[in-house]
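Those protein sequences? They're chains A and B, same order as listed.
Just remember that the working numbering sits 656 ahead of the position in the first sequence, which is counted from 1.
Just remember that the working numbering sits 87 ahead of the position in the second sequence, which is counted from 1.
These are computed hints drawn from the structure, not numbers from a lab.
These numbers were taken from a predicted model, which means no experiment stands behind them.
Keep in mind that a hint or two might mislead.
[Unchecked claim] Restricting the straight-line Cα-Cα distance to at most 25 Å, the calculated cross-link-like pairs of lysine-lysine (DSS-like) are:
#: 1; chain 1: A; residue 1: LYS721; chain 2: B; residue 2: LYS142
#: 2; chain 1: A; residue 1: LYS823; chain 2: B; residue 2: LYS142
#: 3; chain 1: A; residue 1: LYS748; chain 2: A; residue 2: LYS823
#: 4; chain 1: A; residue 1: LYS796; chain 2: A; residue 2: LYS782
#: 5; chain 1: A; residue 1: LYS748; chain 2: A; residue 2: LYS721
#: 6; chain 1: A; residue 1: LYS796; chain 2: A; residue 2: LYS823
Residues per chain are reported as follows:
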Amino acid sequence: MQLRMPSADLASEASATVAAATRLSFVAVYTRWFDHACRWLPAMGVPDADIEDVVQELFIVARGKLDKFAGDNVGGWLYAIALRLAANHRRKAWLRRFFFRADDAAILRAHDGAASPLERLEANEKRALLDAMLARMSEKRRRALALYEIQGYSGEEIAALEGVPLKTVWTRLHHARRDLVALAAEHRRSL
Amino acid sequence: MDRLRDQIGQTDPDVALAADLLRSRARAEASPAMRARVRAAVTMRRAHGASWLLKPATALAVFVAIVSGASAHYGSAWVRRVMPSWPFSAPATPEKSRAARSNVAPIVPVAAPIAPVVAAPETTAPIAPPRVAKHRASAGDAALVGAAFRALRRDEDPAAAVQLLAEYRAQQPAGPLAEPALALLIEAESQLGDARAVTHAAEYLARFPSGAFANSARELQAR
Chain A
657 MQLRMPSADL ASEASATVAA ATRLSFVAVY TRWFDHACRW LPAMGVPDAD IEDVVQELFI
717 VARGKLDKFA GDNVGGWLYA IALRLAANHR RKAWLRRFFF RADDAAILRA HDGAASPLER
777 LEANEKRALL DAMLARMSEK RRRALALYEI QGYSGEEIAA LEGVPLKTVW TRLHHARRDL
837 VALAAEHRRS L
Chain B
88 MDRLRDQIGQ TDPDVALAAD LLRSRARAEA SPAMRARVRA AVTMRRAHGA SWLLKPATAL
148 AVFVAIVSGA SAHYGSAWVR RVMPSWPFSA PATPEKSRAA RSNVAPIVPV AAPIAPVVAA
208 PETTAPIAPP RVAKHRASAG DAALVGAAFR ALRRDEDPAA AVQLLAEYRA QQPAGPLAEP
268 ALALLIEAES QLGDARAVTH AAEYLARFPS GAFANSAREL QAR
C-alpha cells in the first residue's frame with residue numbers, strides 16, 4: 657500500500673485557506689472600532705462638525721490597507737491612522753476658515769439638546785473655554801487628558817492605543833491636569 | 088487615578104473650575120444614522136492611491152488656466168496698444184467682429200462725473216482727424232455706441248467717440264441706446280472742451296428728466 661504524500665500545491669493551498677480564515681474582515685473592524693474612532697477624533701482636536709468626514713476618511717484608508725496589516729493591535733493601528741488624518745485636517749483648517757467663516761460646530765451646538773437658551777449659552781461658553789485651554793497644551797498631554805477625562809478611557813487602553821508604556825500615560829496625564837488647573841487659575845484671575 | 092471630572096465639591100476653586108469645565112464636555116457618541124452613512128460612503132468609495140500625485144498636477148493645471156486666462160484678457164489689449172505692428176495684434180476682420188459682437192449686449196456707460204467745460208469759441212482750433220475708421224470698421228447700428236464707448240474710455244479718443252455717436256444719433260435718433268449715446272456724447276464733448284456739451288445736456292434733461300445721468304447733466308448746466 658502506497659501512502660499519498662501531500663503535494664506542494666496542496667500545502668500552499670492549505671496555508672492560503674488558513675490565512676484567509678485569520679484575515680481581518682473590514683466589517684468586523686468597522687463594527688468593533690467605529691464608536692472608538694468617533695471618541696478619539698475629538699481628543700485629537702477635530703471639531704465636532706468634522707468628525708463624520710474624518711472618520712469616513714479613516715475607514716476608507718483602513719479598508720485600503722487592511723490586507724497589508726499584519727499586527728495584532730488593530731486599535732493602535734487605526735489610532736495611528738486617525739492621528740495622521742487629524743493632523744492633516746488641522747493643517748487644512750485655516751483654508752476652510754478662510755472660505756467658511758461660520759463656526760459649524762457652534763451652529764450645531766446651538767441647536768442641540770432640550771436645555772433652555774440660557775443653559776445652552778452657558779454650556780457653550782464652558783465648552784469654548786475648555787477647548788481654548790486644551791488648545792494651549794502640548795498635543796500629547798491634551799490627548800491623554802481628553803481620552804481619560806472626557807472620553808472615559810482607562811490608562812491601560814490609552815497606553816495600548818498610543819503605543820507607549822502605562823507610566824508614560826500617567827505622567828502625561830499628571831502634567832496635563834496640572835496645566836489645566838493652572839489655566840483655570842489664570843482664567844479666574846482675568847475675570 | 089480618579090478622574091478630575093468626577094471630583095465634585097472641590098475646595099480649591101481652580102481645581103473645581105477645571106473639573107466643571109471637563110464636565111461640560113460629554114463623551115462623544117456616534118448615532119446609528121451616522122454609522123450607517125459612513126458605512127455606505129466607505130463601501131462606495133475607495134481610497135485614492137495616487138492622490139498625492141494628482142494634487143500637484145491639479146494645482147499646476149489650475150495655475151496654468153488662471154495665467155492663460157489673465158494673459159488672454161489683459162495681454163491682448165496691452166500688446167495691441169504697445170506693439171500695433173505685431174502680427175497677432177491686428178484688428179479683427181469686420182465679418183468676425185460682427186459675428187462676435189452680435190452675441191454681446193451693448194455696453195451701457197456708467198455714470199461718471201463730467202469734466203467742467205472750458206469756455207471755448209464755436210470755432211476752435213483745428214482738431215487732429217479722429218481715428219474713427221478703426222472703430223467704425225466693425226460697428227453696426229447699436230455697436231456704434233459700443234465702439235464710441237471704447238474709443239472714449241479705453242482709447243481716450245473723445246473726438247472719435249463724438250463722430251461715432253453723431254453717426255448713431257443720425258441713424259437712430261430715438262433708438263434704444265439714445266440715452267446712453269447722448270450721455271456719452273456730453274462726456275466726450277466735455278473732454279474736448281466743446282461748448283455743445285451744454286446744449287446736449289439741456290437736450291438730455293428735456294428728453295430724459297429722470298435719466299441715470301440727469302444729475303451730471305444738471306451739474307454741467309449749472310457751471
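Cross-check of the supplied hints:
For the hint pairing LYS721/A with LYS142/B, the CA-to-CA distance comes to about 21 Å; that is within 25 Å, so the pair holds. For the given pair, LYS823/A sits about 42 Å from LYS142/B by alpha-carbon distance, which is inconsistent with the 25 Å threshold. Restraint check: the Cα-Cα separation between LYS748/A and LYS823/A comes to about 34 Å, which exceeds 25 Å; the hinted pair is violated. Our distance criterion of 25 Å between C-alpha atoms is met by LYS796/A and LYS782/A, whose separation comes to about 22 Å.
For a cut-off of 25 Å, the pair hint linking LYS748/A to LYS721/A stands: about 24 Å separates their Cα positions. In summary, the hint linking LYS796/A to LYS823/A is supported, as the alpha carbons are separated by about 14 Å, within the 25 Å threshold.
Checked against the numbered hints above, the structure violates hints 2, 3; every other hint is satisfied.
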